[in-house]
Amino acid sequence: MKKSEIRFSIALDDQKVPEAISWSATDAGPDIQFAKAINIAIWDRDQDGTMKIDLWTKDMPIDAMKYFVVDNIGAMAETIMTATNDVVMATKMRDLCRALTDHIDLETKKQS
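Position one of the sequence shown corresponds to residue -14 (our numbering), numbered consecutively onward.
Don't read these hints as lab results, they were simulated from the structure. Fair warning: there could be bad hints in the mix.
With a straight-line Cα cutoff of 30 Å, these simulated DSSO-like cross-link-like pairs (lysine-lysine) come out [stated by the list, open to error]: (1) Lys21 <-> Lys43; (2) Lys77 <-> Lys37; (3) Lys(-13) <-> Lys43; (4) Lys43 <-> Lys(-12); (5) Lys21 <-> Lys51; (6) Lys77 <-> Lys94; (7) Lys1 <-> Lys43; (8) Lys37 <-> Lys(-12); (9) Lys51 <-> Lys94; (10) Lys(-12) <-> Lys51; (11) Lys21 <-> Lys77.
Construct all of the structure, not just a fragment, from the sequences and the given hints.
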């Protein structure tokens, strides 16, 4: 059986707030990648529930964080479509993404 490994490294300040996030994966080559936020969800087979890790660096812009969340919902819509072929659920999630993007765009427009 082939195995693949993903590693995250989080640099913390004195108050344990993330300053830098980096990651590497055996299937992605030897280069270290950098990120401002990560969102990891794992379905725990023993607890029959979701375990989550959400981290973001203190220099992650608020508007980028909002788009990051919308992108995650959109990715989950694709996952639910691929995994279950539930068109209704995927469509509702995509509709939510459009509504949230419109909201963020409107907020951004008001600020400028």
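Structure-based check of each hint:
1. Lys21 <-> Lys43: Holds: Lys21 and Lys43 sit about 8 Å apart, inside 30 Å.
2. Lys77 <-> Lys37: holds (23 Å)
3. Lys(-13) <-> Lys43: Cα-Cα ~37 Å, so violated.
4. Lys43 <-> Lys(-12): Distance ~33 Å between Lys43 and Lys(-12) Cα, so the pair is violated.
5. Lys21 <-> Lys51: Status holds; Cα separation ~13 Å.
6. Lys77 <-> Lys94: Given pair Lys77, Lys94 holds - Cα atoms ~26 Å apart, limit 30 Å.
7. Lys1 <-> Lys43: holds (11 Å)
8. Lys37 <-> Lys(-12): holds (23 Å)
9. Lys51 <-> Lys94: Roughly 15 Å separates the two Cα atoms, so the pair holds.
10. Lys(-12) <-> Lys51: violated (34 Å)
11. Lys21 <-> Lys77: holds (28 Å)
Violation of the numbered hints given earlier is confined to hints 3, 4, 10; the remaining hints are satisfied by the structure.
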